[in-house]
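Student: Single-letter residue listing:
2 protein chains.
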Amino acid sequence: MNGAESLIRSLLASGVETCFTNPGTSEMHFVSALDRVQEMRCVLALFEGVATGAADGYGRMKGKPASTLLHLGPGLGNGLANLHNARRAMTPIVNIVGEHATYHQRYDPPLASDIEGIARSCSRWVKSSASAQEVGVDAAEAVAAAMAPPGGSSTLILPADVAWTEAQGPAAARSVPARPKVDEARVREVAEALRRGEAALVLNGPMLREDALELCGRVAVATGAELLCPTQVARIERGAGRVSVDRIPYVIDLALKRLQHLRRLVLVNSQQPIAFFAYPDKPSLVSAPGCEILTLAEIGEDGVDAMQRLADMLGARKTEPKREPRGALLLPTGAMTLPGIAGTIAACLPEHAIVSDESVTSGRGLVPATKNAAPHDWLINPGGAIGMAMPVAIGAAIACPGRKLLCLSGDGSAMYTLQSLWTMARENLDVVTLVFGNRTYEILKGELRNVGAGEAGKKARDMLEIGRPDLDWVALARGQGVDAARVDTLDALARELGAALRRNGPYLIEVKL
Amino acid sequence: MNGAESLIRSLLASGVETCFTNPGTSEMHFVSALDRVQEMRCVLALFEGVATGAADGYGRMKGKPASTLLHLGPGLGNGLANLHNARRAMTPIVNIVGEHATYHQRYDPPLASDIEGIARSCSRWVKSSASAQEVGVDAAEAVAAAMAPPGGSSTLILPADVAWTEAQGPAAARSVPARPKVDEARVREVAEALRRGEAALVLNGPMLREDALELCGRVAVATGAELLCPTQVARIERGAGRVSVDRIPYVIDLALKRLQHLRRLVLVNSQQPIAFFAYPDKPSLVSAPGCEILTLAEIGEDGVDAMQRLADMLGARKTEPKREPRGALLLPTGAMTLPGIAGTIAACLPEHAIVSDESVTSGRGLVPATKNAAPHDWLINPGGAIGMAMPVAIGAAIACPGRKLLCLSGDGSAMYTLQSLWTMARENLDVVTLVFGNRTYEILKGELRNVGAGEAGKKARDMLEIGRPDLDWVALARGQGVDAARVDTLDALARELGAALRRNGPYLIEVKL
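Chains as they are written, first to last, in the numbering used here: chain A, 1 to 513; chain B, 514 to 1026.
Hints were generated in silico from the structure; no laboratory data involved.
In this text, a Cβ means the ideal position worked out from N, Cα and C, and glycines have one as well.
Treat each hint with caution, since some may be false.
Reference excerpt, derived from the structure (chain B facing chain A, CB under 10 angstroms, subset only) [as the list claims (entries may be wrong)]:
#1 H542
#2 L596
#3 P672
#4 T744
#5 T846
#6 T850
#7 G900
#8 R916
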């Protein structure tokens, strides 16, 4: 067995069984070894940002890493934006980046670049494998490092000769450290703070899953604390029958208003609430002035355990949390409006659907509208690098066969990784993509005002509007093998969305705004 | 005037008058200032790799930098692959990368990342502007650094508050150092070596322009030396009436064969010839064993001056070089074949066209077939990061209005930056794009064998073949506002190509293989 095969078998031994690839010459031995290792599922992307975003979506749903296979520095560069989002999502991923043969690097061939330097910006663990003998152990270490709480990317650089040289067998899995427990004093301090009232728990990471939210809901009922999460999170389990958490608004004035009455915020696996961007004469911190910030659990600590102990200390172990009732969700009709779209999606959402949401301005009403919809997972963009929604939907669909994927994207966002549609078609994934065609980077028009730059004149507007020419999403989808339709009324949206969710395989609906 | 306006006016004062953009919130003051500075031409891209590749094409043709405008680390990441190519092309570019306000960075907001770390992999000069007072001078320095021989990327990071704070006026242009002259001993040493025969000049950079090639051609005739260039170069002026230079083949066995009889290679603004990748049991250096390697001019030195002095020393100042005759180029007809495509392109190429070539395996016969075509510029991919051809064509078209652009791309390559088509449509650029639809990463099938991994089995083949589903390039082009046709005979290709080159504005032809 050569280094490439040892690497793949070591990844499998550590539980990594899916690889999102866009290979080149330096990765040919990895590709060839796939023929000998049937257990590794490989999914081809036509652009690396699709592969890395898919690995993010997979890891968010599966709680364990997929690997990516990327072609040297430029391939990693193409994948960097979605690896940035994955870093913020704290998603475990193992990136395998091909590299020139060790002895060839000194000649500085055309494709050579500082792969380690590029990788460091998005990875917690970076290593260039020195030999075929070591690559198996390196792979096991890479997986363990990616899984170590709170989770993140490992990048293993694979020189071509390490891949093609004879190697030993695969390496066994390494143990992954558990999340550290928080000490009793911290739990007690928080319990006392909550008893003083005017408080909110700010939740992120594993605290946004159904069982953890149940616990938080008990504490909330027992103490009157509100449940909040940052605007940008990786995944929330929500909908009817579950405990809701309120997202802090993106728009800074709304965020300041939302938090202004709160005297204490308790962070549980979360950063303190901050503005997404700075704005002139607005604060960076969106909590009220003088608001006390307490930490129940740091980001990598065991927040669920701490919340359980907090509930016990507060006598809330059996307190009934407030769960969202199932809404009587009627299909709105008539002209296309944003609230109407939100209502339609809420009414159509299948049980246990997964929503990959980068609808940006078009989707601002979606989260409140869907809280009484069928239970579902909501995946958001925690890093702000747009082009996330379709790749993440691919990875989530592969992680969770049998569940329906609803992918929501602005038209501007969707253009960054539109190659995703081809992979959806090739893998026949159950992903229904809604592209909101407002033909503008609408969010930037608001931001231009918010940063104090006033209204856009003609030249500035040209940088914000993406009509002229209009994008035809039906053509862009069909050109990649995904059937599609365009709708311009709520009735048509409901009809197309309902039909698309009933069929198998991908479908795209361009929602004309 | 605020920092953003000072920056734009300083770029203009240094001769930078075009900006390829994909902005976000942190760049809104730059965008707003465009309304007040009409002289800066701004071209919007829907993906950053289009913007950086366009800046590469612009700089290759214009010999001075365009700027890019990118949104924080992820925006730079999306642009990295084409900045890698630009680094290898030694193209002057000034990247402006927006960043969080200086005082906001400490909160590690979602979009924060190590921009400097990412930028260093592709830039010779990186700086984060510290204040609105300094940003003008920083811009002037960035331009001078980009222009300093042999040319490269500067990356200026622009924090939002630096952009919006009141600034002084623009900074004046900085002087750019000239290329150093080589000393007489080196010229003499090369002259003596050439007299010994069995030699070739290996040319790159400015040596591949018409006038420099005339000089080299005199030396070649006087000494019997051959004229070679590396496989990957940025730009060659070639065609009828010009002195030809022979590209060293990409395929390693062909490269070894091409160079096996040469006893001495004289490098002029070029690296020594190396294999693009390493292959088991093949050398990294493709020159013959024992071949003497001499350097007339290092990459940043004044090769043209050195060649002039060499010609004088050899008494070749008035020697007539061997120029390519105008070919009698007949249009091939019949079934689609690669030699037939090459012949059709050669026959159709308009005077002073610019060819942006990333045709990969489909275009291997193009370069020899076109050497007797109308004089033209040939732009190749010097860095090997695919997704170059369409963005480079955009930049070259904007740099050279009035010249026809022919963009040649494999279908696999074209998918990396297919968003280019939208910018071609919006700017109504005279770019005719040929996409060679062989529905496979054909080059990798050969590479799989070349690296000793044998023939692809089913799973490996799945990573190399991009049919299933087939891409429909006519739909992908029309979906972005570019009219298009599909051809499957040479007659249809000639008809469509001829018509496309006669009309104004962009057009795409899918060449079905």
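Student: Hint by hint, say whether it matches the structure.
Tutor: We went through each hint and held it up to the structure:
no.	hint	result
1	H542	holds (5 angstroms)
2	L596	holds (8 angstroms)
3	P672	holds (9 angstroms)
4	T744	holds (8 angstroms)
5	T846	violated (29 angstroms)
6	T850	violated (26 angstroms)
7	G900	holds (8 angstroms)
8	R916	violated (23 angstroms)
In summary, the numbered hints that this structure violates are 5, 6 and 8.
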